[in-house]
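Q: Residues per chain are reported as follows:
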Amino acid sequence: MLQTPKRSPEYRYNEISFFLNGKKQIVRLSPGISTLDFLNKKLQMYGTKCSCNEGDCGACTVVISYPRDGGIVYEAINSCLYPAAKLHGKHLITVEGLGSPEDLHPIQRALLEHHGTQCGYCTPGFVMSLFALLASIPHPDTESIMAALEGNLCRCTGYQSILNAAQELSKNFDPAGIVPAWCRKIESQLFTFKDVAQTVSATSDTLYSIEQYMKPENCQQLALLLDKHPEAVIIAGGTDIMVMVNIARRKFELLIDLSEISELKNIQVKNDGVHIGAAVTYSRIMDSGIIKSDLPELVRLCRLIASQQIRNFGTLAGNIANASPIGDSLPLLLVYDARLRLESLGATREIPLREFFLDYRKTALQKGEYIREIIIPIPPREAFIRSLKTAKRKSVDISSVASAIRIQGESVILALGGVAATPVISSVFSSSVPLMDGKAWQAVAQAVAEEFSPLSDVRGSADYRRKMIINHILQYAEEYHG
Amino acid sequence: MAKLPYHINGKLHVSGSSRFIGDEAPLSGMLYAKFFFSPVAHARILSLNHSRAKIFPGVHAVLCAQDVPGENMIGHVIKDEPLFPESKIMYQHQPLAMVLAEDESIAEAAVGLIGLEYEELPPILEITEADERGEWYIPERKIERGDVKGAFKDCAHILEGSSFSGGQEHFYMESQRVRAIPVDHDLIHLLCATQSTMEVQEVASHVLGIPAHRIAVEVPRLGGAFGGKERAATIWGVMAALGAYLTRRPVQIILSRDEDMRATGKRHPFLSNWKIGCDAQGKIRAWDIELMCNGGAYADLSVAILERAMFHADNIYHIPNARIRGRACRTNLPPNTAFRGFGGPQGIFVIESAIEKIARILGKDPLEIRKINAYQNGDIAPYGQIIKDSGATKTLDLVAKNADYQNSLSEIRKFNKENRILKQGMGIMPVKFGISFTTAFLNQGSALIWIYIDGSVSVSTGGVEMGQELNSKVAIVVAKVLGIPFERIRVESSHTQRTGNASPTAASTGSDINGNAARIAAEKLRANLEPIAAKMLAEQGNSPDARVIFENGMVYCAGTEQPKLSFTQVVVRAHQERVALGAYGYYATPDLWFDRELGEGRPFYYYVYGAAIARVELNTLSGEHRIISTHIVHENGKSLHQEIDMGQVTGAFVQGMGWCTMEEVVADNKGRYLSANPSTYKIPGIRDIPEKLDIQLVESDSSEASVFGSKATGEPPLIYGMAVFFALQDAIRSVKPEAELRFPATPEALISALQ
Ligand SMILES: Cc1cc2nc3c(=O)[nH]c(=O)nc-3n(C[C@H](O)[C@H](O)[C@H](O)COP(=O)(O)OP(=O)(O)OC[C@H]3O[C@@H](n4cnc5c(N)ncnc54)[C@H](O)[C@@H]3O)c2cc1C
Ligand code: FES
Ligand code: FES
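Protein chains in written order, with the working numbering: chain H, 1 to 482; chain Y, 1001 to 1755.
Any given hint could turn out to be false.
Lysine-lysine pairs mimicking DSS-like chemistry, simulated, CA-CA at most 25 Å apart [said to hold, decoys possible]: (1) Y:Lys1417 / H:Lys439; (2) H:Lys394 / Y:Lys1054; (3) Y:Lys1142 / Y:Lys1275; (4) Y:Lys1736 / H:Lys439; (5) Y:Lys1003 / H:Lys171; (6) H:Lys251 / Y:Lys1142.
Some residues of chain Y that are not near chain H, with every Cβ distance over 10 Å (derived) [what the hints assert, rightly or not]: (7) Ser1017; (8) Glu1108; (9) Glu1174; (10) Phe1226; (11) Ser1256; (12) Asp1454; (13) Lys1736.
No wet-lab data here; the hints were simulated from the structure.
Cβ atoms here follow ideal geometry from the backbone N, Cα and C, with glycine treated the same way.
Extracted from the complex, chain H is given alone in its bound form:
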């Protein structure tokens, strides 16, 4: 028998303050409402478009500006997946803010003049992605332009005209023209922002998928909340959680957002390796000098994960805790022999990542426990560490097979995703040292392929996945010997 849902239930609303296109706002948010819904449905600002509501198209791209690592950053994000509660203390910039038909922003003008818009539905998203790009990199090269725009789909133009506009903007770059004065004016206020976010209870006729959205300020509060609310679910970036809300229509009683806890935002080198806090986003990993020099393959892999918008708020810890068999970072972290520091109220423990994945989407996390940080031992320079992902599209695509390899002296380790219920380390492979000629590789690759029984699904058949295991290994062999 179907259950009749409750009527007029009580929710906890978030009261936050932030800047919107240069103006301070104090607003009450229904729990967990996305920035996109907030703009469209509450503020009736329709410039920001909804096309997929799941992070894949970029039509909803907006830019957030906030202090990070001592400076002010301008980052593009998918507003459909970005809970508006995260805006507290930030500056939200939308396409309407950047310019008007009478007074176009240079980016808007360039798109107009290069015929970079046809139906116009994707255009606001492209404008905002380009804005974040040019506000961060003065003369972006084609690769940077592609990286900034790979998360924006356009079904009309075929991209060439948009690319031409971007290239011209890059060539004739005028820094003063890109970031408007009203944006610059807010920057200092972002550094000194002191307002405190509140929550209030109230009933509602609209039914919300999320009943409560909480943002603890430190790890102590986080542990307390998790202890007190066994029903609570952690949200970091929300790039997995919000897809569940928007698309799978999952309901959550309580989401606990840890993305603003400053203790979780660190990247540090200690003697056991690089420590990456749970709230560190992919973008910060890619920008980090420490990681670029000590874990370069991680940076290279991050470029292949999702889109610029998603990388700006998605986290590595989220990728791990999400425990998808095809989480792209997992094979590489396995060959790095990463460890996780797990914390709960009054307790902390460290486990190797290879012991974390128990079964399909089941992890070693206990009730009340959260990932505090990821610890990656720094491999010696001579270690050969590589990772690969196979997907249908070159960018913004979930892999059918992902893998990583580490060859270091006599020790060889190969980890795979997409071939079993969890990410796995091949046992055949590790026992087959030393690796020598092409024939030996071929044989080992064959043996590894037979070790697993991957499933067939929409992203690839079992046969194909097996074949790709072999081909990944052969690609490593090529590079290792070549």
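Using the hints, position chain Y with the ligands against chain H.
A: Same frame as chain H, now just chain Y with the ligands:
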């Protein structure tokens, strides 16, 4: 030359100021619709119970088949599709009931309270199964010319094969949507994301059982359509009209991306069996082909799409003896529908596959085989149309030159010898595409123009703006005729009260029929203004017989640049002298006919020609490829706007490339689409476009071109995308000459072809 205008709504688009349907504040009292979709593809309905949904607080109505006041039928040409099924479910995600509530979340919760009892029936999903069971909407169609049987006897080579091309999701960025607003007591105003205002109006009037004039359909603009809002929009428009009619409240429907991808039809997959015969040189003597398409649960436009595929089964090749047969098959998938190209690409894919095979078996250059078979003026197409102004050879030669074909060939051969893992390949794709609706009566258009007394101009046509920049082109035409600046013209929404009985904006005919109608209306107005202008100029001392020139907002006598009048002065005077400042223009494309029984006629007003060459590099281990270059030569008459046409060619090429390399529509064995969201269905992104894209638009002087000598650009360039498919096949065949590449050429297909 004057600078070409930018997109007429470009400033709105780039600043996020252009409003799409649903981008308006909610109306007070508005109800939101959510659907109860069928969980199975094929079933008998035993009971549909919505009593609990109906009493859920905030719900105003739950509507299903019993609530339809008129005819429960939205099928148009073939009347086989109900708005809501009464007894039989025909596809997964078919809407069975609509909940109308004060809030989307309430509507959604109430949908969860609807109960369905059904008896599941085995679904038919594949073309072969449907065909074997004779599940056709209409009997087999045939076009035949010459003596096919006899001709095969004289052929040096006879090759056979079968070709499959897959479906394609439209992925217009704006999902299906509509807002219905009751006005007075007797009118429903539908703001509907449709390419066909007339069809929505007509079908809604039947479903509601009220005259068409009580339904006004308006389209401000579409966020992309590509054929996916031609027929597939009707169901949602009519649903909203029904809801507004019965509740007397505004009703809004916006499908989510996933709902849209699950419930709406796509490009038709085609399966074709063929036999081709040629002489020792590779000149084709005989062509026998049967085309079968997967039409989905209802006929929709499948028959017309099949017909266009048959009309394009010759592509650019003159084949004296041909038999082309086609069958549109009914399956239990959402009704497949129009998609840019409308069967043309699917038909062309088959003959191009055959040409490739001829080249391989004869060991000849595929470009050479194409050229010796290309249509020349005076040749006759299998359906009897005489070819005039053939651009086939010219465009092939030019593209080969632009792509430096011969050198590229040897470079590729060398590259492939030197590289073990990376392999390059080249593909050629010529196009001849027939322009006109093959249903002749649809080739008509209307326009209405008002000149206001300040000299600003408002133009309405039946055409729908969906990114193809029809409105820019219409404004260019009107500006040219009236001699006023582009900026003076506003092109309005498409609205049945201003331009009724409009044909769908489709078949690449948008600017031909609407542009011509606008031209005719503007010419009438100019004819009204000319005597007034002549009189005014005479009053200023000009000869009363001098020819009057309208140019750039000014009016003057030919030869004398002074004195000048402003356009507005003339307009004000005309108004005072009671001369009409509004005009209606009507255009019907001449000389079109086709006899379906005989398979004979002149279905097309003209053809568009062009050719593409793509060069790719494939990594045979990873299955990834890059498109090193694509050269396109596209013949398009006297373009109204080169840059708009470039945009159309580029966008269509990338869409076609997506169709045959990465866009894979996957359904399970229950008829459920598994690739029903953008995370599993991949359209091209910015990293997928060619590293070098060289497009040359070739001006031509065709006697048959349309408005001001221009030709259509909407659909034909999609076909160039297949050059990439054949280039990948070429790369594969450099390793494995016999390999057959599956469609679409995803990394998985490429890897498996290599095995
Ligand atoms: C368009 C798009 C593209 C994507 N592409 C890729 C891709 O290419 N490769 C890929 O691997 N993934 C991809 N993803 C998935 C997703 O972005 C990643 O998994 C991301 O790393 C998740 O991080 P998050 O911070 O957003 O996680 P969230 O959504 O916040 O959380 C994910 C899960 O982890 C849990 N969690 C988060 N942090 C912690 C913590 N500290 N302790 C315990 N539990 C925690 C949450 O409860 C939740 O179950 C994509 C997603 C989208 C929307
Ligand atoms: S709407 Fe598609 S990414 Fe947000
Ligand atoms: S302009 Fe239509 S989707 Fe980009």
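Q: Quick check for students: does the CB of Glu1174 of chain Y sit more than 10 Å from each CB in chain H?
A: Non-interface label on Glu1174 of chain Y violated, nearest chain H Cβ at 5 Å vs cutoff 10 Å.
Q: Phe1226 of chain Y: least C-beta distance to chain H exceeds 10 Å?
A: 7 Å, violated
Q: Taking the minimum C-beta separation from Ser1256 of chain Y to chain H, is that value above 10 Å?
A: 6 Å, violated
Q: Was Ser1017 of chain Y rightly flagged as not at the interface, with every chain H Cβ beyond 10 Å?
A: 5 Å, violated
Q: Need the status of pair Lys1417 of chain Y, Lys439 of chain H: alpha-carbon distance at most 25 Å?
A: 22 Å, holds
Q: Mind verifying the non-interface call on Glu1108 of chain Y? Its CB should be farther than 10 Å from each CB in chain H.
A: Non-interface label on Glu1108 of chain Y violated, nearest chain H Cβ at 7 Å vs cutoff 10 Å.
Q: Checking one constraint from the list: CA of Lys1736 of chain Y to CA of Lys439 of chain H, max 25 Å. Satisfied?
A: Within the cut-off at roughly 21 Å; holds.
Q: When you check the alpha-carbon spacing of Lys394 of chain H and Lys1054 of chain Y, does it fall within 25 Å?
A: 48 Å, violated
Q: Over 10 Å from every CB of chain H: does Asp1454 of chain Y meet that, or does the non-interface label fail?
A: At roughly 20 Å from the nearest Cβ of chain H, Asp1454 of chain Y sits farther out than 10 Å, so the non-interface label holds.
Q: Taking 25 Å as the top limit, are the C-alpha atoms of Lys1003 of chain Y and Lys171 of chain H close enough?
A: 23 Å, holds
Q: Mind verifying the non-interface call on Lys1736 of chain Y? Its CB should be farther than 10 Å from each CB in chain H.
A: 15 Å, holds
Q: Has the given pair, Lys1142 of chain Y with Lys1275 of chain Y, been kept, meaning a C-alpha gap of at most 25 Å?
A: 16 Å, holds
In this structure, the hints that do not hold are numbers 2, 6, 7, 8, 9, 10, 11, in rising order.
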